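Add chain B to chain A, keeping to what the hints say.
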Amino acid sequence: MARQMTGAKMVVQALKDQGVDVIFGYPGGAVLPIYDEVFQQNDIRHILVRHEQGAVHAAEGYARSTGKPGVVLVTSGPGATNAVTGITDALMDSIPIVVLTGQVPTFMIGSDAFQEADTVGITRPCTKHNWLVKETERLSQTIHEAFHVATSGRPGPVLVDIPKDVQFASATYTPPEKTKVSHYQPQMEGDIETITELVEALETAKRPIFYTGGGVINSGDEATKLLRNLVDATGIPITSTLMGLGCYPASGKNWIGMLGMHGLYEANMAMHDCDLLINIGARFDDRITGRLDAFSPGSQRAHIDIDPSSINKVIRTDFPIVGDVATVLKQLTDVWTERGRKVNSEAIGKWWAQIEEWKKINCLAFTQAGKTIKPQYALDRLEALTKDHDRYICTEVGQHQMWAAQYLGFEDPNRWMTSGGLGTMGYGFPASIGVQIAHPDALVINVAGEASWLMNMQEMGTAVQYRLPVKQFILNNERLGMVRQWQELLHGERYSHSWSDALPDFVKLAEAFGAKGIICNDPADLDDAIMEMINHDGPVIFDCLVEKHENCFPMIPSGKAHNEMILGENASTKDAIDAGGAVLV
Amino acid sequence: MSALKIKKGATSHSAYNLRPTFSDTVERHTLAVIVDNEPGVLARVIGLFSGRGYNIDSLTVAEVDHEGHQSRITIVTTGTPQIIEQIKAQLGRIVVVHQVNDLTVEGPSVERELALLRVTGEGEKRVEALRLADIFRANVVDSTLDSFVFEITGAPEKVDAFSDLMRPLGLQEIARTGVAALLRGE
Chain A
1 MARQMTGAKM VVQALKDQGV DVIFGYPGGA VLPIYDEVFQ QNDIRHILVR HEQGAVHAAE
61 GYARSTGKPG VVLVTSGPGA TNAVTGITDA LMDSIPIVVL TGQVPTFMIG SDAFQEADTV
121 GITRPCTKHN WLVKETERLS QTIHEAFHVA TSGRPGPVLV DIPKDVQFAS ATYTPPEKTK
181 VSHYQPQMEG DIETITELVE ALETAKRPIF YTGGGVINSG DEATKLLRNL VDATGIPITS
241 TLMGLGCYPA SGKNWIGMLG MHGLYEANMA MHDCDLLINI GARFDDRITG RLDAFSPGSQ
301 RAHIDIDPSS INKVIRTDFP IVGDVATVLK QLTDVWTERG RKVNSEAIGK WWAQIEEWKK
361 INCLAFTQAG KTIKPQYALD RLEALTKDHD RYICTEVGQH QMWAAQYLGF EDPNRWMTSG
421 GLGTMGYGFP ASIGVQIAHP DALVINVAGE ASWLMNMQEM GTAVQYRLPV KQFILNNERL
481 GMVRQWQELL HGERYSHSWS DALPDFVKLA EAFGAKGIIC NDPADLDDAI MEMINHDGPV
541 IFDCLVEKHE NCFPMIPSGK AHNEMILGEN ASTKDAIDAG GAVLV
Chain B
1 MSALKIKKGA TSHSAYNLRP TFSDTVERHT LAVIVDNEPG VLARVIGLFS GRGYNIDSLT
61 VAEVDHEGHQ SRITIVTTGT PQIIEQIKAQ LGRIVVVHQV NDLTVEGPSV ERELALLRVT
121 GEGEKRVEAL RLADIFRANV VDSTLDSFVF EITGAPEKVD AFSDLMRPLG LQEIARTGVA
181 ALLRGE
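Protein sequence lines, in the order shown, are assigned to chains A and B. First residue of the first sequence? That's 1 in this note's numbering, and the numbers climb one at a time after it. First residue of the second sequence? That's 1 in this note's numbering, and the numbers climb one at a time after it.
If a hint is listed, it holds; no wrong ones were tucked in.
Computed footprint of chain B on chain A; a stretch qualifies when at least three of its residues, placed anywhere within it, have a C-beta under 8 Å from a C-beta of chain B:
#1 119 to 130
#2 311 to 322
Computed footprint of chain A on chain B; a stretch qualifies when at least three of its residues, placed anywhere within it, have a C-beta under 8 Å from a C-beta of chain A:
#3 36 to 45
#4 78 to 89
#5 95 to 109
Derived from the structure by calculation, the hints contain no laboratory data. None of the values given here were measured: they were computed from a predicted structure. No residue lacks a Cβ here, since even glycine has one placed at the ideal position from N, Cα and C.
If we strip away everything but chain A, and leave its shape as in the complex, we get:
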């Protein structure tokens, strides 16, 4: 049953056939035919953002909290270039996003037409793949292929650039099931011989550790389930990157906290001292490894990753396993079970005793004294008062992001949306909008710094228009806190342009948008204020005035090894030296 339709109608039909229920976008001249089709149907909801970067971050929030691809629709030229930051963010964090951009008519391409930009050229390095569709006959197939590429293998953003004349012209629509099978079919199963070698190493390892990342979450719920079963059955400690938080519950008995530059002392020390490091869906990022030549010096390393280019990129691997996390974990569990589910329990018991010693230094300790709210205290209270809710957390980028990762606990995957790889200030607010759209009844909180938050504050309009009760929990130190911290520690306390001299009154700002504003500057009022925020049925800007010069610890200064952390003043450093012989600088 061949169906003739215009390119614009094809776009909407293809999205429906791909199971899309919401798109984030902003109209403009080169996408008017598609917007006309969007207007004439009710299956797909369109969320009008206030800036195209916001559309992509919202789609990322939607994608990360649901596991489904996020869809963005923007116009040509500035619409597309504004989306570039969001697209790059999605590439770095492997988030499946399908971006549809309008383009000037094919016969005007290359003529410097109004709102023309070389969109596929500009986005080629920041998408997983992109297409310029020059014939309406190819449009529906290309969109189906785009969804396939975005969601298979290592997920990522893709872009389809659609000239206006292609939207107007008619052709036959090809449904997904009739679309030519793509040659892009990433390897899912791991090499069974290498997996068996890894199991052999696991059976005898004295100080093994699981180092997990966002790949576990991207692989899906089955991967999380298999991972949890394997970790609990083996009794091996597990740490995770920023991106992987929630793949193992924070309350789980084998959880030793996040690792990396601002990771927990015990997690970093365990990475340094382990003898078998099993990397599952993480990529040895430079925020994780610290100094490479001192990285985990005594360990054999296994690396499970669906992207072959991640393996041996920065760290030499003894057991390279290319494959999907869930598939490989199933294989690994089967092999381990067939061989009798053995581990070196006695040695692992000693290993845990060592880890418990490291835990005793209590690296996240802080003292809330006086009339100024410590940011750690604010997050501690936020955790206490919200952890029993159906809760989703987004963050912006900076100190508050690291504190959120340290002080909030994540029991499940897809509950934590943060910009890891690209470190995009301005990510969190629009992401929280995307999350709330996907989960209308959940408590969605964006933990923010005031500087990051201001980068996409125009999205207040979106939050209010769609009555999205997103809570903007701003830790306001009137500083670019992380920049200030580096300047204090490494640049002679010369605070070059790291403070904001003209901040808005956030309560009035909220009110100007028709939302609720709350200000809190007294630790004694904090609980009540947080409860007021939670109980308000609508968007809230919570201006939490915190200590201005607080630093984020623990911290591995760059160029240092995992066992060379800087600790906060409240950590019990004496025990640490006794326990691990660590060098603390």
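For chain B alone, coordinates are given in the frame of chain A:
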């Protein structure tokens, strides 16, 4: 920050690790990459090399399967073993790349390059150029009273050697195709 014993004003620290730990033995590899022949595919490959800081010594591209819309890109690159592995893996993840073969590893392979050289000269120099061309089995494809255009085919080293010899004999201009390479039969 005195409690933390970090030296004030220390600038030797950086936000990034400034100590690369890779081996510095540089190897030369010839890669054959089979790609979909579609607009922008060469830009993807070249963009990968420039974006990630890899070297391209030579690059040739042409359609090899008209029916299947496939082109073959032959790339000669240099880098440490780790970088070469990365280049292959990164090429492999480009969606329109079907296959990446490292001819240097999978070899033995045959490498050939074609060059055109215009040499002008008179008298003894002109005779000498012609004599050397004969030795190198280069063909004369154009001739005037005071110039030749030679066509030479061979491994890149042979083309190098020939052009070095032609330089003092009046080499005016040279055009090289870059390397085409193929595995030898078993």
